[in-house]
Every structure is written in structure tokens, then in C-alpha cells.
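Asker: Sequence:
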Amino acid sequence: MLGTTFASTLPFLKYLRPANSPFLIIVFVGIIAITNSGQLNINEVSSYFFYIPIYIVLISTTLMSFAYKPADADILLKQDSEEYNEKIAETDNLFKFSRSVGLSASIVSLYLLFYIKPSGFIFILTYIFIAINLIVFSVYLFFRTIQEESPSKSGVFQIAFLTAGFLVGGVSLANKTNIWDGHLWTSCSAVVVLDRDESKKKFNEAKILADQGSGVDYGVDEYETLDEYLAGLSFFSDKYEDKDNCTDVVSEDYERDYLIFNVDKTIHYLDWQFISYIILFICWTSYMLFWIIRLKDILKISVTISD
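For the sequence shown, counting from 1, position 203 maps to 203 in the working numbering; every step adds exactly one.
Calculated from the structure, these hints are not laboratory results. Bear in mind that the values here come from a model prediction, so they are computed numbers and not experimental data. For each residue, glycine too, the CB sits at the ideal point set by N, CA and C. Fair warning: there could be bad hints in the mix.
Claimed, not checked - Cut-off 30 Å, straight-line C-alpha distance, at most; resulting in silico cross-link-like pairs (BS3-like, lysine-lysine):
no., residue 1, residue 2
1, Lys69, Lys265
2, Lys200, Lys176
3, Lys265, Lys201
Claimed, not checked - Estimated spans, in silico, between C-beta atoms of each pair:
no., residue 1, residue 2, range
4, Ile135, Ile32, 52 to 58 Å
5, Phe123, Thr285, 43 to 49 Å
6, Glu44, Arg196, 27 to 33 Å
7, Asp197, Thr285, 53 to 59 Å
8, Lys265, Ile135, 46 to 52 Å
9, Ala131, Ser237, 31 to 37 Å
10, Lys96, Met64, 21 to 27 Å
11, Ile107, Met64, 24 to 30 Å
12, Ile107, Val57, 24 to 30 Å
13, Tyr48, Lys202, 39 to 45 Å
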């Protein structure tokens, strides 16, 4: 049984080879690199040298994938040959599997979206993308039962996987954008300076409450002064860049663990996560247009047959 199952997958495995799907590995590696780039410690200058080459590769391979045809596509020109009949049957199976890949990607993306739960309009926008993908492939699958599409020289099998990859990749970036700071294309960080005078007041107030035995653990019992408290903090500096707070969302003075900080200035960087989100969905949109055009042709044939 295992041998039969493996044998049945051989046609699909053949189409995953570089000779038939040369852009799959390139695109998938690019998507993985982008979606996991948040784990890298990249400064503002270096980020240009990291993201832009990947964007160029993803966009160029997307464009080239439309012009690509599998190595054995010319068999479809030999309509009187035995190879032609075998190719037609194989192509029919590939069409069916491609549509299944599209629908499966929609379901996986829907689950992923509600798992990561991005905030604001990003959730709504991403949900719309998933819904379009789901509707297109559902209608595609439905009308295929009425009239199968004609064989095509285009790498439909590869395009189906690329469509799925860009959709899932884009969804995975939905909660990594920094839209909370009020900017879409930039990330905001604040350079903050410790206000020692105000911090001493807060610390002393907490110390008094702790000495009175209020029953609340203020975390200052073992320290006599603010300086002792600060000395116990790892890697503390009176002035540092805080990427979690910005004047767009907090006041110019804010408190953190009895420490009062003044926002000295704000810095805006390009939000590469949001840009990557847009790039991936632009590529996905181009593939959606491809599927919609093919679906439109099938609908025309179906209407003609019904008449």
C-alpha cells in the first residue's frame, strides 16, 4: 500500500524538480528569509542591503514564472502521439492538484490569521486577501466539474505553489508590522533620558509604602537608595533608545518600574516588515489575476455548453 501511495505521488514530485519548477526553491527561500528577518540584528544601513536584493529576486522570479513552460510541455503539440494522451491525463491531475493547493493555502492562512491576531486594519485587509483566494479557487473547483480547462504550456503547477507561498508568507507578516505607532511605512523609536530627580521621588514613595508593610511587593525592600536600585539593573543606561515607546503613543514623560523618563527625540526607520508584507501580497495579486483570467475563460466555455 505504501508503495502504491508513493507511486501515485511521483508525477507531482517530478513537477517539483528544478527542471519543471525552477522558481519554487528560490521564492520559498526568499519568503522564509523575509518572514524570519525580525530575528536578525540589522541596523538601518544594512537593512537596505538585506531586503532590497530579496525583493528584486522575488519580483523578477514572479514575472519570469508567467513566461516559463515545463520541459515536456512541447508534447502537447503532438496531438496524434501516445505521449500526448498520457500528457493530457497527467495535466488534468496537475490541474486538480493545483486547485487543491490553492484551497488548502486559504484554510491554512485563515487559521494562521486568527492564531496571530494582528491588530487594526491589517487584520481586515489580510482577511480580504484570504477570502479572495478562497472564493477564486472554490469557484474554480466548482466549474471544473462542468468543463475542464484546456491544456496549457504555462507552469500551472509551479504557479499554484507560488500563489500559496506568497499568501501564507504575507499572512505570517501581518502581526509583525509596527502600525501601533501611527505610521505604516516607518517604525518609531524614542531616545529617552532618565529624570533622576522625579525617579528619586517615585522610588522614595515606593520605599515608604514598603516599609509600612502595605502587603504589596514593590521590589525595593533590599535597596536603600535609587542608585543602589539602578546598580542592580543589568545593562542600565541613563540614556538609551527605546523601540517599544514613541511620542506617537505615549506622553513625553512616562514611568517604568519607578523610573521616570523624558523623551529626548524620536527616530523613524523604514518598517521593512510592512514593506515585505506589501511586496508579498503584490506578487500574490499578480498570480490571482492569472487565476481569475483562466477562470474567466472556463466560465465562458461553461456558459456556451449550458446554452
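Asker: Run every hint past the structure and note whether it holds.
Answerer: Hint check results:
1. Lys69 x Lys265: violated (54 Å)
2. Lys200 x Lys176: violated (36 Å)
3. Lys265 x Lys201: With a Cα-Cα distance of about 24 Å, the restraint between Lys265 and Lys201 holds, given a limit of 30 Å.
4. Ile135 x Ile32: 52 to 58 Å: Violated, at about 28 Å.
5. Phe123 x Thr285: 43 to 49 Å: The hint (43 to 49 Å, Cβ to Cβ) is violated, given that Phe123 and Thr285 are roughly 19 Å apart.
6. Glu44 x Arg196: 27 to 33 Å: holds (30 Å)
7. Asp197 x Thr285: 53 to 59 Å: For Thr285 against Asp197, whose Cβ atoms are near 55 Å apart, the range 53 to 59 Å holds.
8. Lys265 x Ile135: 46 to 52 Å: Given a distance of about 47 Å, which is inside 46 to 52 Å, the answer is holds.
9. Ala131 x Ser237: 31 to 37 Å: violated (48 Å)
10. Lys96 x Met64: 21 to 27 Å: Given about 25 Å between the Cβ atoms, the range holds.
11. Ile107 x Met64: 24 to 30 Å: About 29 Å separates the Cβ atoms of Ile107 and Met64, which means 24 to 30 Å holds.
12. Ile107 x Val57: 24 to 30 Å: holds (28 Å)
13. Tyr48 x Lys202: 39 to 45 Å: Since Tyr48 and Lys202 have Cβ atoms about 41 Å apart, the given range 39 to 45 Å holds.
Hints 1, 2, 4, 5, 9 from the list above are not met by this structure, while the remaining hints are.
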